[in-house]
Amino acid sequence: MKLSNLFSEALMADPHGGFRHLRAAGAVHESVTPDGEAVWVVTRYVEARDALADSRLSLNKSNARTRGEYQSSMPPELDAHLLNMDAPDHTRLRRLVSRAFTPRRVEALRPHIQRHVDGLLDAAQGSEVDLIAALAEPLPMGVICDLLGIPAGDRSDFRAWTSSLMSPRPGAASESRAAMKNMYQFLASILEDKRRHPTDDLLSDLLESHEEHDRLTAAELVSLSFLLLFAGYDNAVHLIGNGILGLLLNPGHLKSLGDGHLPSRLVIEETLRWNPPSALGVRRFALQDVTIGGTEIPTGGRVWIALISANRDEAQFEAPDDFNPHRNLGHLSFGHGAHYCLGASLARLEAEIALTTLVRSRPDLTLAVEPDELRWWPSFHKRGLQELPARW
549 MKLSNLFSEA LMADPHGGFR HLRAAGAVHE SVTPDGEAVW VVTRYVEARD
599 ALADSRLSLN KSNARTRGEY QSSMPPELDA HLLNMDAPDH TRLRRLVSRA
649 FTPRRVEALR PHIQRHVDGL LDAAQGSEVD LIAALAEPLP MGVICDLLGI
699 PAGDRSDFRA WTSSLMSPRP GAASESRAAM KNMYQFLASI LEDKRRHPTD
749 DLLSDLLESH EEHDRLTAAE LVSLSFLLLF AGYDNAVHLI GNGILGLLLN
799 PGHLKSLGDG HLPSRLVIEE TLRWNPPSAL GVRRFALQDV TIGGTEIPTG
849 GRVWIALISA NRDEAQFEAP DDFNPHRNLG HLSFGHGAHY CLGASLARLE
899 AEIALTTLVR SRPDLTLAVE PDELRWWPSF HKRGLQELPA RW
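Residue numbering for the sequence shown follows this note's numbering, starting at 549 and increasing by one per position.
The hints are simulated quantities; they were obtained by calculation from the structure and are not laboratory data.
A virtual CB, placed ideally from N, CA and C, is assigned to each residue, including glycine.
A portion of the hints provided could be inaccurate.
Said to hold, decoys possible - FRET-style restraints, in silico, Cβ to Cβ: (1) SER646 <-> PRO746: 17 to 25 Å; (2) PRO937 <-> HIS569: 48 to 56 Å; (3) LEU797 <-> SER610: 40 to 48 Å; (4) ARG813 <-> TRP940: 18 to 26 Å; (5) PRO937 <-> ALA892: 27 to 35 Å; (6) SER646 <-> GLY667: 28 to 36 Å; (7) ALA708 <-> LEU797: 28 to 36 Å; (8) HIS745 <-> ALA671: 25 to 33 Å; (9) THR747 <-> ARG604: 37 to 45 Å.
Start from the sequences, fold in the hints, and give me the full structure.
Below is the structure:
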């Protein structure tokens, strides 16, 4: 089905309602981005799951048919990362980084994350608080920066740059490019400092791989550092925020989690299905003419897989708009296949500790505004709250 502009303000204001109508009309929809780039959007679960693992769909943007501005032109210094690579380069880089995110190493971070959460909640004074600013934002930032070895004094501007990249307004490509330039200069400075004074952190380990073992190019080193910091922060912020919201809108589940009767794992997985932080996933490009859901996508065509839609497909989930941690799992929010999210275990652990500690220490937690007063980020790419006012 062909639409003139899938990415309208109306869809951003009500993505779940909009995608519900699109799913009913078809599995794949041809449209254009706000800057006029042709794009095919996959909306149903089965087609989305298959597309995520389809080797005919490349992440490498050199396979694109068009070269538009909208979220498509990273500078080369930030572009040589896992989300713009296919095998064998993707396999090589993923193997280098995956050692830092094994289940054992991530679980070893539990006491460190718990201290972060306890400190943030202790600092949240008063009877009303914005839980995005007080907990959901600073926790992932602190954890990923500690893991990478980025000093606390160097973290202040990163949130603004992230917002520019993830919530671009139509025609705001220059703003995104400025944010990318600032990020590059920031990371280059950090890496140069670690080259002179290595410490026990992931960036120092990557530098060693670059300089001693010749397994990373200079561009890959900076790009991979960017991806780890960027992806390790923004998605975790909104996983935590959306999880808290799901509990606040369903006080019975909040009480069950606080009492220990509802496993936190189920709450996290349902949050990922119900409101995935990454709404559209990573764009892909057809290496050949590909037919998905009865729609032919030409060679070089840009494909976006709407995780936010697939995760609420009525053909896959009963009452998909309900926040129900007891349902059968099977969301696509961390991907599927070779590009399954490398940091999934860390994001899950951060959210588990944040939500569990919050509801057990503040069992009388309630939403401080009406649900329709909440402000979501105006973005096609992510699903996250700008603020989450709560009372205790």
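Hint by hint, here is what the structure shows:
1. SER646 and PRO746 have their C-beta atoms about 21 Å apart, which keeps the hinted 17 to 25 Å range intact.
2. Evaluation of the 48 to 56 Å hint for PRO937 and HIS569 yields a failure: the beta carbon distance comes to about 31 Å.
3. For the pair LEU797 and SER610, the beta carbons lie near 44 Å from each other, so the given range of 40 to 48 Å is met.
4. Range check, ARG813 to TRP940: about 24 Å between beta-carbon atoms, so the 18 to 26 Å window is met.
5. Taking the beta carbon of each, PRO937 and ALA892 are about 29 Å apart, inside 27 to 35 Å as hinted.
6. Look at SER646 against GLY667: about 29 Å separates their beta carbons, and that is inside 28 to 36 Å.
7. Under the hint 28 to 36 Å, the C-beta atoms of ALA708 and LEU797, about 29 Å apart, fit the expected range.
8. One distance hint, 25 to 33 Å for the beta-carbon pair HIS745 and ALA671, holds here, with the actual separation near 30 Å.
9. A hinted range of 37 to 45 Å for the beta carbons of THR747 and ARG604 is consistent with their spacing of about 43 Å.
In this structure, only the earlier hint numbered 2 is contradicted, and the remaining ones agree with it.
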